Amino acid sequence: MNVFFIDKVHPILQERLAKSGLHCIDATQWSLDELLERRNEVHGLVVRARFFLNAELIASFPNLAFIARSGSGLENIDTAYCKEHQIQLFNSPEGNRNAVAEHALGMLLALMNKLCRANDQINRGLWKREDNRGEELDGKTVGIIGYGNNGSAFAKKLRGFDVKVLAYDKYKQGFGDAFVLESTLEAILNSADVISLHIPQNKETLGFVDTSFIDSVQKPFYLLNLSRGKIVNTEALMQGLASNKIKAAGLDVLEFESKDFESIFATQLPASFEYLLASDRVMLSPHVGGWTKESYFKLSNVLADKILEWADNQ
1 MNVFFIDKVH
11 PILQERLAKS
21 GLHCIDATQW
31 SLDELLERRN
41 EVHGLVVRAR
51 FFLNAELIAS
61 FPNLAFIARS
71 GSGLENIDTA
81 YCKEHQIQLF
91 NSPEGNRNAV
101 AEHALGMLLA
111 LMNKLCRAND
121 QINRGLWKRE
131 DNRGEELDGK
141 TVGIIGYGNN
151 GSAFAKKLRG
161 FDVKVLAYDK
171 YKQGFGDAFV
181 LESTLEAILN
191 SADVISLHIP
201 QNKETLGFVD
211 TSFIDSVQKP
221 FYLLNLSRGK
231 IVNTEALMQG
241 LASNKIKAAG
251 LDVLEFESKD
261 FESIFATQLP
271 ASFEYLLASD
281 RVMLSPHVGG
291 WTKESYFKLS
301 NVLADKILEW
311 ADNQ
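So in my numbering, spot 176 of the sequence shown is number 176, and the numbers just go up one at a time.
For the record, the hints were derived by calculation from the structure and aren't laboratory data. Don't take every hint at face value.
[As the list claims (entries may be wrong)] Once the Cα atoms are required to be at most 27 angstroms apart in a straight line, the calculated BS3-like pairs of lysine-lysine come out as:
| id | residue 1 | residue 2 |
| --- | --- | --- |
| 1 | Lys83 | Lys230 |
| 2 | Lys306 | Lys156 |
| 3 | Lys203 | Lys172 |
| 4 | Lys247 | Lys128 |
| 5 | Lys83 | Lys172 |
| 6 | Lys230 | Lys19 |
| 7 | Lys219 | Lys164 |
| 8 | Lys247 | Lys114 |
| 9 | Lys219 | Lys170 |
| 10 | Lys156 | Lys172 |
| 11 | Lys164 | Lys8 |
| 12 | Lys219 | Lys245 |
| 13 | Lys230 | Lys245 |
| 14 | Lys203 | Lys259 |
| 15 | Lys203 | Lys164 |
| 16 | Lys8 | Lys293 |
| 17 | Lys83 | Lys306 |
| 18 | Lys157 | Lys245 |
| 19 | Lys247 | Lys157 |
| 20 | Lys83 | Lys164 |
| 21 | Lys306 | Lys172 |
| 22 | Lys114 | Lys230 |
| 23 | Lys172 | Lys157 |
| 24 | Lys245 | Lys114 |
| 25 | Lys230 | Lys259 |
| 26 | Lys293 | Lys306 |
| 27 | Lys245 | Lys259 |
| 28 | Lys230 | Lys157 |
These numbers were taken from a predicted model, which means no experiment stands behind them.
Please build the complete structure, drawing on both the sequences and the hints.
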């Protein structure tokens, strides 16, 4: 079986697949045309987000048996086509859930204690103590929207704080425990001091956080987005910050990212994004929440486990 690596991943994946007898081909520097020249030889694809695998492209590989996505999101793959044609899909959200959770917590604490603003002011020779009076997380209500790998990992990190954690997931029930209260979206909107997003990007979630959503939140709140950028409407976010309905926002993902997550693709960024850049109540990072040294290994090791278990059963 030939496995073509389209994107760079940790070498443990290739090492383990090759050791099991699979033939691994490094196609990370190939153009799409070069890959298609070998279309009949492709049995497996290892991808991140360099190419959009729509139905037409997937159909170009007549012997394709599986696609392995290093990471969690599958929005760059036509999953319906794969299911219809019995092409196995693998992803590895277990590999970076801890990294995402730690990143979310770090962002939240930094925002609540105004650490970026204080650091910037000190670097400019300013000493403003009252201006940087922080706010404690203890005693707050944290609303987690999406209770999969990342959402549940974030809830676990919050256990060391005296907080009330509400979690809502449209597709999951029965996950409440001593630390997390299974909730409705309405309950989160009514009582949350912090709202953290951990949901996939799909037709239902594009623009999920818009003006209507922000207006529905009853208290001024902190917003975290470590899922996908297009889930939050930047114009609505700007308005929420300007009105102080949103106290501060931590964004590891941006509405204007390129599809491969490697750049901000817009040459002329809108005024709403320029507002975020200028605000000292917004913390941005370049989609690195799940991008730790440890998760780099775990993402590929988890994929290896899944692919090899599947291959053993063929």
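Pairwise hint evaluation, Lys164 against Lys203, where the allowed Cα distance is 27 angstroms at most:
Between Lys203 and Lys164 the Cα gap is close to 30 angstroms, so the pair fails against 27 angstroms, i.e. violated.
Against the 27 angstroms threshold, does the CA-CA distance of Lys230 and Lys259 hold or violate the hint?
11 angstroms, holds
Pair hint outcome, Lys203 versus Lys172 [Cα-Cα no greater than 27 angstroms]
Holds, because 18 angstroms separates the two Cα atoms, which is no more than 27 angstroms.
Is the straight-line distance between the alpha-carbon of Lys114 and that of Lys230 27 angstroms or less?
26 angstroms, holds
With the threshold set at 27 angstroms, check whether the alpha-carbon distance from Lys230 to Lys19 stays at or below it.
Since the Cα atoms of Lys230 and Lys19 sit roughly 40 angstroms apart, the hinted pair is violated (cutoff 27 angstroms).
Take the C-alpha atoms of Lys230 and Lys245, compute the straight-line distance between them, and say whether it is at most 27 angstroms.
20 angstroms, holds
Is Lys247 within 27 angstroms of Lys157, Cα to Cα?
At roughly 22 angstroms apart (the allowed maximum being 27 angstroms), Lys157 and Lys247 satisfy the hint.
Please work out if Lys245 and Lys114 have their alpha carbons no farther apart than 27 angstroms.
Roughly 17 angstroms between the alpha carbons, so the hint for Lys245 and Lys114 holds.
Hinted pair, alpha-carbon criterion (27 angstroms max): Lys203, Lys259. Please report holds or violated.
This hinted pair holds, its Cα atoms lying about 16 angstroms apart.
Under the criterion that the straight-line Cα-Cα distance not exceed 27 angstroms, is the pair Lys247, Lys114 satisfied?
Holds: Lys247 and Lys114 sit about 11 angstroms apart, inside 27 angstroms.
Between Lys83 and Lys306, is the straight-line Cα distance small enough, at 27 angstroms or below?
17 angstroms, holds
Starting from Lys8, check that the Cα of Lys293 is at most 27 angstroms away, please.
Holds. Lys8 to Lys293 sits at ~14 angstroms (cutoff 27 angstroms).
Checked against the numbered hints listed earlier, the structure breaks hints 6, 11, 15, 20, 27; every other hint is satisfied.
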